[in-house]
Amino acid sequence: MLVLQGVTKAFDGVPVLNGIDLKVGQGEFAVFVGPSGCGKSTLLRTIAGLERADAGEVFIDGTAAGALEPAQRRVAMVFQSYALYPHMNVRQNMGFALKLAGRTTAEVNVAVEQAAATLDIIALLDRRPKELSGGQRQRVAIGRAIVRDPKIFLFDEPLSNLDAGLRVKMRYEFSQLHKRQKTTTIYVTHDQIEAMTLADRIIILNHGRIEQQGRPADLYAAPCNLFVAEFIGSPKMNMFAGVAATAVGGGRRIVLRDGTLIPIDPALTVPPDGAGLTIGVRPEHWVLGGEEDALSGTVAFVEELGHIAYAHVANPASDELAICPLGEGRRVALGEHVRLGFGPVTHLFDSHGLRV
Numbered sequence: 328m329l330v331l332q333g334v335t336k337a338f339d340g341v342p343v344l345n346g347i348d349l350k351v352g353q354g355e356f357a358v359f360v361g362p363s364g365c366g367k368s369t370l371l372r373t374i375a376g377l378e379r380a381d382a383g384e385v386f387i388d389g390t391a392a393g394a395l396e397p398a399q400r401r402v403a404m405v406f407q408s409y410a411l412y413p414h415m416n417v418r419q420n421m422g423f424a425l426k427l428a429g430r431t432t433a434e435v436n437v438a439v440e441q442a443a444a445t446l447d448i449i450a451l452l453d454r455r456p457k458e459l460s461g462g463q464r465q466r467v468a469i470g471r472a473i474v475r476d477p478k479i480f481l482f483d484e485p486l487s488n489l490d491a492g493l494r495v496k497m498r499y500e501f502s503q504l505h506k507r508q509k510t511t512t513i514y515v516t517h518d519q520i521e522a523m524t525l526a527d528r529i530i531i532l533n534h535g536r537i538e539q540q541g542r543p544a545d546l547y548a549a550p551c552n553l554f555v556a557e558f559i560g561s562p563k564m565n566m567f568a569g570v571a572a573t574a575v576g577g578g579r580r581i582v583l584r585d586g587t588l589i590p591i592d593p594a595l596t597v598p599p600d601g602a603g604l605t606i607g608v609r610p611e612h613w614v615l616g617g618e619e620d621a622l623s624g625t626v627a628f629v630e631e632l633g634h635i636a637y638a639h640v641a642n643p644a645s646d647e648l649a650i651c652p653l654g655e656g657r658r659v660a661l662g663e664h665v666r667l668g669f670g671p672v673t674h675l676f677d678s679h680g681l682r683v
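If you read the sequence shown in this note's numbering, its first letter stands for residue 328, the second for the next number, and so on.
It cannot be assumed that every hint is accurate.
[What the hints assert, rightly or not] DEER-style ranges, computed between Cβ atoms:
| hint | residue 1 | residue 2 | range |
| --- | --- | --- | --- |
| 1 | A410 | R536 | 29 to 37 Å |
| 2 | P413 | R584 | 25 to 33 Å |
| 3 | P643 | K457 | 16 to 24 Å |
| 4 | R657 | G352 | 40 to 48 Å |
| 5 | E458 | A660 | 47 to 55 Å |
| 6 | P413 | V614 | 50 to 58 Å |
| 7 | D388 | K457 | 35 to 43 Å |
| 8 | T625 | M328 | 51 to 59 Å |
| 9 | S623 | D545 | 30 to 38 Å |
| 10 | F628 | P397 | 28 to 36 Å |
| 11 | A568 | V341 | 46 to 54 Å |
It should be emphasised that the hints constitute simulated quantities derived from the structure, not laboratory data. Only a predicted model underlies this, so the values are computations on that prediction, with no experimental measurement involved. Just so it is clear, CB atoms sit at the ideal spot from N, CA and C, and this is done for glycine as well.
Full structure from sequences and hints, please.
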């Protein structure tokens with residue numbers, strides 16, 4: 328188990344980590360996500376011991392690790408750069424750390440061949456890095472971590488140098504590896520699709536703080552604030568500012584900037600009339616051509632992705648384009664006037680950006 332208590336870190340007086348408290352359970356696959364500069368890689372390096380926390384403590388299996396050197400923490404880190412020794416073959420690269428630790432040649436060979444079998448790279452053991460593809464080099468880097476038999480795997484954006492198709496394949500292989508090894512894993516990425524597909528739990532960071540953490544489906548369904556709502560989801564959630572109002576005959580509404588009246592889910596506790604609110608609508612919740620409670624707009628851009636297409640609609644209720652998926656066989660033309668309908672709002676945020 329990994330426990331972080333009040334971990335802070337600053338560089339040249341600029342705060343990067345601001346009192347991080349976190350527990351990662353034994354065998355859990357936790358993913359750190361967030362925008363560039365949010366502190367996720369610094370946090371990973373602090374766990375590894377490559378950076379020292381200014382305050383707070385890191386506990387690994389109940390032992391305070393703050394004063395331990397990286398090699399004493401029994402963690403293994405895989406970087407974005409494969410960092411393989413070009414003059415060594417795969418077998419030598421994977422076994423180098425064990426050799427430095429004084430293990431016998433026989434012990435090193437057994438550990439390397441077991442890891443290579445797990446990663447399906449037995450046939451590559453006599454090749455040098457220049458003879459490998461990007462995906463094969465990444466497997467070697469992972470194998471170098473596996474042979475150390477760590478308590479915790481740390482991955483720092485390990486797939487970012489691979490092409491799109493290979494990233495999909497490697498996501499599957501990471502998932503299968505974790506199922507086999509059952510080792511506590513912490514994975515840093517800027518790619519939310521990687522996070523959503525791999526994680527048991529996602530930890531969303533922003534300005535060195537944890538904004539929200541939880542299962543991928545829970546974060547998608549109930550983001551705690553505007554930042555998380557806009558960060559999780561691709562395409563991102565559509566946002567519209569308005570004010571609370573009571574409709575004639577009862578029921579709560581939001582009046583948008585263009586005067587559109589939007590119904591609010593009756594289960595939500597809505598602030599008094601006149602209070603500023605922001606509604607969020609996932610793209611898949613739009614109904615193209617809706618007549619009631621609908622926004623009007625003009626198609627400004629159509630994003631064709633083969634299996635699906637998205638219409639980006641300019642509308643007077645927002646400064647940003649509303650994004651709406653087009654149903655199978657449905658096509659729209661640039662400049663076409665459309666209406667976007669949807670049901671009662673369930674994603675609602677107050678004037679402080681917090682979920683209602």
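Original post:
Between S623 and D545, is the Cβ distance one that fits in 30 to 38 Å?
Top reply: 34 Å, holds
Subject >> Outcome for the supplied range 29 to 37 Å, where the beta carbon pair is A410 and R536 >> reply: 30 Å, holds
Original post:
Does the Cβ distance between P413 and V614 fall inside 50 to 58 Å?
Top reply: 57 Å, holds
Subject >> A568 versus V341 beta-carbon gap, inside 46 to 54 Å or not >> reply: Check failed, 32 Å falls outside 46 to 54 Å.
**OP:** For the range 25 to 33 Å, tell me whether the beta carbons of P413 and R584 fit it or not.
**Re:** Violated, at about 59 Å.
**OP:** Starting from the hint 35 to 43 Å, judge whether the C-beta atoms of D388 and K457 obey it.
**Re:** Taking Cβ atoms as reference, D388 and K457 lie about 39 Å apart, which means the hint holds.
**OP:** Using the beta carbons of P643 and K457, state whether their distance is inside 16 to 24 Å or not.
**Re:** 58 Å, violated
**OP:** Hint says 40 to 48 Å; check whether the CB-CB distance for R657 and G352 agrees.
**Re:** About 45 Å separates the Cβ atoms of R657 and G352, which means 40 to 48 Å holds.
Subject >> Beta-carbon spacing of E458 to A660 - inside the hinted bounds 47 to 55 Å or not >> reply: 51 Å, holds
Original post:
Would you say the C-beta atoms of F628 and P397 sit inside 28 to 36 Å of each other?
Top reply: 48 Å, violated
Original post:
At the C-beta level, are T625 and M328 separated by a distance inside 51 to 59 Å?
Top reply: Given a distance of about 54 Å, which is inside 51 to 59 Å, the answer is holds.
The earlier numbered hints that this structure contradicts are 2, 3, 10, 11.
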